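There are 2 protein chains.
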Amino acid sequence: MLRTHTCGELRLSDVGKSVTLCGWVSKVRDKGGMVWVDLRDRYGISQLMAEEGKAAPEILNTLRSLGREYVVCAQGEVIERYAKNDKMPTGEVEIKLGKVEILNPAKLPPFLIEDDTDGGDDLRMQYRYLDLRRNPVRAKLELRHKVAQAVRRYLDAQGFLEVETPVLIKSTPEGARDFVVPSRMHAGEFYALPQSPQTFKQLLMVGGFDRYFQIVKCFRDEDLRADRQPEFTQIDCEMAFVEREDILSMFEGMFRSLFTEVKGIDIGEIVRMSYDDAMRLYGNDKPDTRFGMQLAHLKGYGNDLTSGANFVVFDSAEAVIGLPVTGAGDYTRKQIDALTEWVKRPQIGMKGMVWMRFEADGSLKSSVDKFYDQAALKKWATLAGLQPGDLLLVLAGDQGQTLKAASELRLELGNQLGLRNPNEYKALWVLDFPLLERDEENGRWMAMHHPFTAPRPEDLHKLGTDPGAIKANAYDMVLNGNEIGGGSIRIHDRQLQAKMFEVLGFTAAEAEEKFGFLLNAFEYGAPPHGGLAFGFDRLCALFGGSESIRDFIAFPKNNAGRDVMIDAPGPIDAIQWKELHLKNA
Amino acid sequence: MLRTHTCGELRLSDVGKSVTLCGWVSKVRDKGGMVWVDLRDRYGISQLMAEEGKAAPEILNTLRSLGREYVVCAQGEVIERYAKNDKMPTGEVEIKLGKVEILNPAKLPPFLIEDDTDGGDDLRMQYRYLDLRRNPVRAKLELRHKVAQAVRRYLDAQGFLEVETPVLIKSTPEGARDFVVPSRMHAGEFYALPQSPQTFKQLLMVGGFDRYFQIVKCFRDEDLRADRQPEFTQIDCEMAFVEREDILSMFEGMFRSLFTEVKGIDIGEIVRMSYDDAMRLYGNDKPDTRFGMQLAHLKGYGNDLTSGANFVVFDSAEAVIGLPVTGAGDYTRKQIDALTEWVKRPQIGMKGMVWMRFEADGSLKSSVDKFYDQAALKKWATLAGLQPGDLLLVLAGDQGQTLKAASELRLELGNQLGLRNPNEYKALWVLDFPLLERDEENGRWMAMHHPFTAPRPEDLHKLGTDPGAIKANAYDMVLNGNEIGGGSIRIHDRQLQAKMFEVLGFTAAEAEEKFGFLLNAFEYGAPPHGGLAFGFDRLCALFGGSESIRDFIAFPKNNAGRDVMIDAPGPIDAIQWKELHLKNA
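Top line first, the protein sequences correspond to chains A and B.
Per our numbering, the first sequence runs over residues 1 to 585.
Per our numbering, the second sequence runs over residues 1 to 585.
Read the hints as simulated data drawn from the structure, not as lab findings.
There may be inaccurate statements among the hints.
Each computed DSBU-like pair below joins lysine-lysine, with the alpha-carbon atoms no more than 30 angstroms apart [what the hints assert, rightly or not]:
no.: 1; chain 1: A; residue 1: K146; chain 2: A; residue 2: K286
no.: 2; chain 1: B; residue 1: K146; chain 2: A; residue 2: K263
no.: 3; chain 1: A; residue 1: K107; chain 2: B; residue 2: K499
Ranges between beta-carbon positions, derived for each pair [what the hints assert, rightly or not]:
no.: 4; chain 1: B; residue 1: L2; chain 2: A; residue 2: E269; range: 23 to 29 angstroms
no.: 5; chain 1: A; residue 1: Q158; chain 2: B; residue 2: D122; range: 33 to 39 angstroms
no.: 6; chain 1: A; residue 1: R290; chain 2: B; residue 2: T507; range: 54 to 60 angstroms
no.: 7; chain 1: A; residue 1: L224; chain 2: B; residue 2: K578; range: 19 to 25 angstroms
no.: 8; chain 1: B; residue 1: E523; chain 2: A; residue 2: E437; range: 50 to 56 angstroms
no.: 9; chain 1: A; residue 1: R290; chain 2: B; residue 2: K578; range: 42 to 48 angstroms
no.: 10; chain 1: B; residue 1: E222; chain 2: A; residue 2: E269; range: 49 to 55 angstroms
Derived contacts from chain B toward chain A, CB cut-off under 8 angstroms, selection only [what the hints assert, rightly or not]:
no.: 11; residue: W24
no.: 12; residue: Y70
no.: 13; residue: L132
no.: 14; residue: V163
no.: 15; residue: G570
no.: 16; residue: H581
Everything numeric in this text was worked out from a predicted model, so none of it was measured.
Idealized CB from N, CA, C, for every residue including glycine.
Between the sequences and the hints, there should be enough to build the whole structure, so can you do that?
Here you go:
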């Protein structure tokens with residue numbers, strides 16, 4: 001080793017030791033008589049020093065020639081500092097230099113290698129190797145490492161086997177768009193990169209590997225929204241001979257243990273909520289349950305507290321939804337106007353917003369009190385659980401759009417009111433999703449999760465008659481308003497799987513061509529099975545108190561799917577084009 | 001859970017318990033009055049039984065309807081067996097059935113799901129999910145899981161961080177052929193799949209992540225030789241602020257701990273041997289050191305024990321190499337003739353073979369004793385360390401070809417003599433490889449490892465004058481005659497790296513286009529670093545006592561790069577062609 005210690009480990013108890021440290025120059029302070037250097041590595045910062053007249057002149061010369069980010073090997077004696085720094089773990093000592101060597105000089109970095117940097121996103125991406133030296137970025141990737149090891153330890157202890165599934169597979173028509181890989185040996189044919197190992201893990205179940213997991217890269221060639229990556233990582237799991245409850249409790253256990261091990265906190269109860277309840281109470285199938293403000297359906301879901309008052313806006317609306325805002329009874333007209341403008345933005349699309357205040361004296365004041373008397377408003381307040389000092393914001397319109405708008409407004413107010421603390425955690429399972437969604441454009445049914453999801457047994461009989469009413473035997477895990485994982489009990493019966501492909505509009509020939517291997521496998525003794533996958537990038541981000549995944553990935557791509565550091569994708573040469581039997585269209 | 005226990009865990013101490021098992025029907029024996037079923041899962045086999053007249057008739061009916069590989073859920077009482085089977089861990093008990101349910105019927109499998117199967121390779125590949133049910137295949141993948149977890153535990157404990165590097169990267173001209181991925185968003189451009197994360201792990205070192213590892217998929221679009229896979233897995237590692245010795249001892253430690261943890265054996269000393277010595281002693285840079293039979297250079301390497309005897313074959317040969325075969329002095333003429341034919345095969349390419357016997361009486365008998373007298377032959381015997389009762393086989397020709405032939409013959413005899421026991425292990429490090437190889441066809445130098453390998457410091461000065469004489473600061477780990485890992489200290493100096501690209505025939509513009517990001521990174525403070533990678537598939541195979549990697553991969557591809565189970569690669573549809581801006585050439 002070129003070093004005896006790291007830059008993070010020396011303490012008062014090491015005083016007197018002769019040590020050698022290696023690292024990057026973080027700062028040089030030259031006070032004339034004394035020169036100090038902060039030397040940084042992955043483990044911390046140590047202070048080096050040399051004194052004019054005492055240290056050899058070549059040491060002082062070398063120190064004075066150092067620039068930021070020079071790589072240095074420094075040998076010396078650990079001494080107690082005169083002026084201690086209690087903000088640094090090594091702050092009680094410094095190294096009196098006996099020798100110093102420049103291992104590699106460095107050009108001036110294009111941005112500051114400090115916790116708060118002056119580098120913008122683009123620059124940081126281009127020089128990712130420099131950004132990685134910054135503590136916050138390094139800490140995020142260290143956290144990712146810890147979470148991965150903890151996941152493996154838990155699942156290994158539970159008898160799961162980590163099995164690598166192939167990356168070069170076959171393009172299938174379901175789900176998102178595949179990345180494909182032209183075959184040189186088979187002209188005109190392509191491999192596809194997996195969107196998930198879904199069919200392979202099911203085949204492992206057919207193969208008797210009753211507890212499988214993998215932390216695995218997956219790929220989707222989608223137009224990238226902010227904070228999506230074309231390659232992403234999943235914790236992928238599957239179990240055989242289980243029912244839904246077994247999977248929920250197994251992965252609740254994993255989740256709980258991750259929180260204990262990695263963050264040292266008890267995540268508390270992981271409640272279960274039906275999809276229908278999530279939509280009704282939060283307007284959202286991934287509700288943020290760190291705060292209340294559940295929706296009050298003044299009209300809709302069997303209620304009607306608004307009709308008959310000649311208020312045309314509400315009378316003509318399918319749904320009237322109140323959002324109670326605790327303690328916001330003193331919002332000014334200006335604040336409410338701002339929120340009204342907020343819901344009228346095209347992204348939200350509401351035409352307006354009604355408000356009602358529950359005054360401290362018990363009276364109710366509303367923007368529509370010429371239509372609704374105190375008795376009527378009182379009913380609203382009761383339904384919404386409003387207390388004196390609270391505010392009710394009311395939206396009206398189509399059921400779907402109004403739910404969505406109410407959900408967005410709830411989250412926005414959660415942000416404004418500081419109710420969404422990233423270091424507070426609330427997880428829940430959302431259950432009983434609809435099995436199918438109607439694709440109105442193409443007039444056909446689409447699988448809401450994927451075509452291998454089993455219907456709830458009690459809904460099976462509706463497959464031929466009322467497919468839209470079938471609930472899936474599926475589950476999502478939601479953490480702080482983010483879907484971080486999901487899965488289902490799978491179909492393990494060949495006939496049912498074939499029927500499902502038929503409902504989804506595959507001809508028998510198409511189903512056979514694309515999924516014949518799975519349908520075949522189901523004929524040779526497929527066990528009942530189910531599983532789930534967690535989005536590992538997002539999980540790590542949330543563990544790190546962040547909503548953005550990018551810094552939890554060592555070498556992320558930008559929103560155009562480019563790696564700007566290595567400049568990929570890029571051209572290939574003429575020989576490659578020829579060998580792949582391809583030309584530009 | 002659909003089961004209370006697995007099929008592998010019930011013992012005499014469980015007698016009296018009511019249990020539920022799930023699994024696959026391995027065998028049904030119907031003796032009229034009694035029906036027995038062997039039920040199998042990943043954990044073992046349990047025997048179910050029902051007695052005519054005592055069990056409910058529907059149980060007997062169900063049992064009699066079972067076929068091989070039906071999936072069954074069986075409930076009953078654990079009882080002591082009348083006729084115990086000491087070959088099965090569960091062989092002292094059986095389950096007296098109270099209830100049995102067919103969870104899924106099965107068609108008759110195309111081959112036997114038993115340790116010895118009647119299925120050929122092609123059939124087993126096509127129905128891989130059935131092959132996975134067989135104990136030997138399952139055990140190999142369980143071993144792989146164990147090795148992976150043990151590797152991670154060791155490296156995690158040593159402060160290595162597992163960092164995921166990207167899969168969608170850029171095509172580079174060095175090494176093997178890349179698989180590429182057409183970009184939909186950037187017409188005419190391609191990502192490439194990594195042949196290894198080489199440059200990324202070096203960038204992680206520049207980024208201060210001084211101990212990195214990853215168990216990672218890599219890709220090479222090569223014409224597949226037997227037992228090569230287009231996608232394969234590496235244990236990829238890199239360290240900063242180290243010298244060669246640090247890396248050797250770190251990974252010797254890992255290797256030693258893997259053997260202790262996974263196989264419960266002490267691997268013994270891991271000797272170090274220079275490339276030159278390996279070539280001289282074994283004719284091979286990955287010698288199998290489980291057995292001796294080191295080569296005796298009768299002519300060459302500074303020796304000449306054959307000239308001046310008017311034996312034209314040896315006189316005209318560059319090299320004469322003797323292979324001592326211990327205890328083979330009694331080989332018959334027929335045996336020797338067969339070996340002679342073996343070396344004359346085109347794959348080996350020798351013109352003939354000379355032999356010499358060291359008789360029990362001390363005399364030497366040779367096929368060339370009309371040219372060489374006893375005194376001359378005695379010198380051969382002494383050089384080769386021959387003892388009475390031993391045989392010396394002698395090959396002659398060009399140095400390179402003869403070394404290779406002698407090495408092949410040595411391995412063949414090792415096989416024939418049973419000296420290559422797959423359950424005995426001998427590992428060594430081979431050091432000091434040549435840095436460069438001459439590509440005679442194109443008249444240029446090629447990197448023997450890769451262009452980032454550092455020369456040995458003492459050879460650096462030869463770069464401009466005698467590049468062929470430079471030894472690399474590189475190392476391979478060899479186990480039982482297989483290269484299972486290798487690496488090097490890397491270049492961390494921009495000028496040296498640029499010079500290396502120049503020696504390898506890259507123009508400055510090409511180097512900049514392909515590796516500009518790395519050369520740039522080296523300007524911002526690259527630490528001294530080095531690392532290595534182990535071939536994980538091969539390592540697992542050798543741990544499992546096998547030379548073939550295929551069964552250590554859950555879903556391997558065949559020699560044409562096809563996954564015959566899912567039938568990949570395959571066609572893509574017209575929309576995909578269009579979106580990717582491609583057409584068939």
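These are the hints, each one checked on the structure:
Restraint check for K146 of chain A and K286 of chain A: the C-alpha separation of about 26 angstroms stays at or below 30 angstroms, so the hint holds. This hinted pair checks out: K146 of chain B and K263 of chain A have alpha carbons roughly 27 angstroms apart, not beyond 30 angstroms. A C-alpha spacing of about 20 angstroms is found between K107 of chain A and K499 of chain B, which places the hinted pair at or below 30 angstroms, so the restraint holds. Against the hinted window of 23 to 29 angstroms, the Cβ-Cβ separation of L2 of chain B and E269 of chain A comes to about 26 angstroms, which satisfies the hint.
Hint check: Q158 of chain A to D122 of chain B, Cβ distance near 36 angstroms, so the stated range 33 to 39 angstroms holds. Our hint of 54 to 60 angstroms for R290 of chain A and T507 of chain B holds, since their Cβ atoms are close to 58 angstroms apart. Restraint check, L224 of chain A to K578 of chain B: a C-beta distance of roughly 20 angstroms satisfies the suggested window 19 to 25 angstroms. As the Cβ distance of E523 of chain B to E437 of chain A is approximately 53 angstroms, the hint placing it in 50 to 56 angstroms holds.
Between R290 of chain A and K578 of chain B the CB atoms are about 46 angstroms apart, so this pair conforms to the stated range of 42 to 48 angstroms. The hint said 49 to 55 angstroms for the Cβ distance between E222 of chain B and E269 of chain A, and at roughly 54 angstroms that hint holds. For W24 of chain B, the suggested interface contact is upheld, since its CB lies about 6 angstroms from the closest CB of chain A, less than 8 angstroms. Evaluation of the Y70 of chain B hint against chain A yields a held restraint, the C-beta minimum of about 6 angstroms falling below 8 angstroms.
Satisfaction of the interface hint for L132 of chain B is found here, the shortest Cβ-Cβ separation to chain A being roughly 3 angstroms, below the 8 angstroms cut-off. The beta carbon of V163 of chain B comes within 5 angstroms of a beta carbon in chain A, closer than 8 angstroms, and the hint placing it at the interface holds. The beta carbon of G570 of chain B comes within 5 angstroms of a beta carbon in chain A, closer than 8 angstroms, and the hint placing it at the interface holds. Proximity of H581 of chain B to chain A holds as hinted, the smallest CB-CB distance being about 5 angstroms (cut-off 8 angstroms).
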